[in-house]
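Asks: Chain by chain, the residues:
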Amino acid sequence: MLGESRLAEIAQRVLREAKADQTEVMVAAADSHLTRFAVNTIHQNVSETDATVRVRSILGRKTGVASGNELSEAALRKLVRSAETVAGFQEENPEFGSLPGPKPAQKVDAFVERTAEYAPAERARGVEKILAMSRKNRLDAAGAFSTEAYETYIANSLGVSAYHRGTVASIVTVIMGADSSGYATAASIDVADLDPESVGRIAVEKALSSKNPTPIEPGEYTVILEEPAVGDMLFFLGWMGLGALAVQEGRSFMNGKFGERITGEKVTIWDDGADPRGLPLPFDFEGVPKQKVTLIEKGVAKNVVYDSFTAGREEGKTSTGHSLPAPNTAGPIPLNLFMAPGTATKEEMLASTKRGIWVTRFHYTNILHPVQTILTGMTRDGTYLIEDGKIVRPLRNLRFTQSILEAFSNIEALGKNLVLLKDEWNSVGTCAPAAKIRNFRFTGTTD
Amino acid sequence: MRDYANRALNEAQAKGATYADIRIVRRETQNIEVKNGIVQTLSLGDTYGFGIRVVANGAWGFASSHRLENAEIDRVAALAVAIAKASAISKASDVDLGPAECHVGTYATPMKIDPFQVSLEKKIDYLLSSDKEARAVQGVRVAESTLGLERNHKIFASSEGSYIEQTLTETGVGVVVTAVSEGEMQQRSYPNSFGRHQGTGGYEFAETWDLPGNARRVAEEAVALLSAPQCPSGVTSIILDGPQLGLQVHESCGHPIELDRVFGTEAAYAGTSFLTPEKFRNFQYGSKIVNIVSDAVAPGGLGTYGYDDEGVPAQTTDIVRNGQFVGYLTSRETASQLRKIHPDAPARSNGAMRADGWNRIPIIRMNNVSLLPGTWTLDDLIADTDDGIYMITNKSWSIDDKRLNFQFGTELAYEIKKGKLGRMVKNATYTGMTPKFWAGCDAICNKDHWHVWGTPNCGKGQPGQVAHTGHGAAPSRFRNVQVGVMK
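Note that the protein sequences, when read in sequence, are chains Z and U. Residue numbering for the first sequence follows the working numbering, starting at 48 and increasing by one per position. Residue numbering for the second sequence follows the working numbering, starting at 8 and increasing by one per position.
Hints listed in this document are in silico derivations from the structure and should not be mistaken for laboratory results.
Taking lysine to aspartate or glutamate pairs in the DMTMM-like style, the calculated list, with each CA pair at most 25 Å apart, reads:
#1 U:K22 x Z:D97
#2 Z:K304 x U:E191
#3 Z:K339 x Z:D322
#4 U:K129 x Z:E142
#5 U:K427 x U:E227
#6 U:K286 x Z:D226
#7 U:K433 x U:E422
#8 U:K119 x U:D455
#9 U:K286 x Z:D494
#10 Z:K349 x Z:E459
#11 U:K409 x Z:E471
#12 Z:K125 x U:E79
#13 Z:K313 x Z:E453
#14 U:K22 x Z:E164
#15 U:K22 x Z:D78
#16 Z:K364 x Z:E296
#17 U:K22 x Z:E169
#18 U:K98 x Z:E169
#19 Z:K125 x Z:E64
#20 Z:K345 x Z:E312
#21 U:K433 x U:E191
Keep in mind that this is a model prediction, so the values were computed, not measured.
Generate coordinates for the entire structure from the input sequences, incorporating the hints supplied.
Replies: This is the structure we're talking about:
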């Protein structure tokens, strides 16, 4: 971590050096630490310090981008010249309007000193609590305990200047028996919110209760999906069609559906980068403040998110603050998704289920058809048969092939609690409830 | 650089490390993407730093930084040792790296034309020509033509005396065409999916694949798919083209032979493996015509290098021989572990440890895991198939955490009836269980159809790492496969 004044100094140095018509600079720094464990021992334990500078230069309607992680004056000068040189080789993009101008900044307090300062030995002691429970039950624990402090400064030659810093702590564990496994996870900006013992206990209970799984015929079942499985579907929904570029290119499930019902009325989904229940990021990678955008309201398709480029292509639209880092051909994406909770507890969902399948989480989910929102993937780490309101036996993992919108049209109940689910690859999070869904389609099983 | 390396190794050992290595890596990238006639991406990337890996108190530690200067090297070396000592709190046994590896050498990717020296105008013109051909087809909504370059300059030094310098250069190109209609979207990619086909080599790679000469054809296929019938459901024979079969090898053979997965150390994220140690040299993986190798020296392969990131020389290892499972991808530590179970297993690593840059630790990664060619021509193979589906270019992939139950979708497919290609069908999918699927492999095309296909997006590890891997494959036939899983 370099601090706001150092990041601002780097950004201003880049802007002073720039000769292009417009210039944007993003400086991102992070100190990341991760303690990884498997087979009841810590086997990988890593630390990283990095800072990246990304420069976008605009010559007329031509754009060039260069990035590097060397911060000397000479390196920054070279970076600016590189971005301007490649911009010079560009063709004019008639659809490019301008970099965004300044807007009032919004601040979100997402930095917790104790998370940033958390030491390797403290992470190891937290991990050891999980390992001890696993050993005691003759199981094998795997997982990771990570802490990160990050900061981002975005500025442009039109006067945009935005700084944010934050922290993220997360624990994820898979605890395994000979033929069983259990999963649990927790994430927060504050490492003190994480309880390794609680995470370990949930995973151990699942690993013990999923021993001796038996197969079940694939087919359509009522399912109770725990929060990670619902979060997985939300993430893919956002990626496939809740950004303006997907709509403009005619490849979104929202095309032609605005104002129409596309899911059951229990479903309301929005994106909010300022909500502290998620992993906040108050502005996008162009420095535009993130707006709260309602995407689906009571089952009705409402809005998609915009960056400055896609907003400029439509009359009357402005950026909602959802740009990804340049260069970006994927378009704007909602990175802070929330699904409105319901009123049920998972126990109530279970008690109301005559016959169904309980799913802890999905594994290796992938898109089969983006317009029809069809995904496939496996269940993992705790799949159970429900009969007469009770879990009666563990099941072998199942493959599902299912349209998300169809599943969201068949929701019978949503959990009352929202759980923050941190992405494995980035410091972004989705907040999702559990869900009870009828006619969920399983198409295969495994050993 | 030697001074920096020596300082890091000395400092780590002075702080208590019994083993230490340092990798100093510069990665340069260049990406150009033309989308619908406009150069949407023209970007240069440069990331530079070092990572120090140590064993102290019998456990691993790793720390990295982007500031290559003496004081920072001292700080990072001390931090790596402190982390290792923290890791030792929970160790079950000391790290055993097996026999020492001491190598001094250099390696550079062979190439004819340095792709970073080719002018930007020439590269942009190439992509604009491809884009123009794709968009000449009525009904195309989006055409994307891409060129990507990557160069990794890597220095590896270890406390066992290794000092290795490598320069690995990759070139990739591709065109993806999207056609849409009411409620339908179809894509076609050339030469491979994932945006581009990539290999180690120079700009000659880009020219060989001739995007402008193929863009119109795939655009026509994308548009035709919109009105094609849905792939039928049932159990039948399938023929997979090279790129799809390359990914099938990657997912159902390449990952389960990673010995770190087998020993459970990737369980929390990627999963484990059905190829457990008792199956080593004692398991029928596929039919007798199935021969698979791990080959880090295959010319032009995306997983080709001189030394891995533990400093072990690149090599070729038999994985499946005449259908029998005979080999894993190993690291120094896992090779030692395997030998404790199978005393006749190789004592040394076969050099499969790679890291995604300076800021990640090496983990076991595929290099070029390839299905060796057979004897058929594609025409003869189709003529020999009474009823089936010919599936072309991957669209979707998913496989369970032990690498048994898989489901793939392809962009394009044709029915085969009485030895002839029939109508085009869309949304083709197939599913199966790995050993049963490979047991059904009864014909593999010959070396004229064989190529090492690049997979530039293989994710693994925590924190996440992306590896570039290669997979040699020729079109092959599989019997009794469930197809048409999608409604």
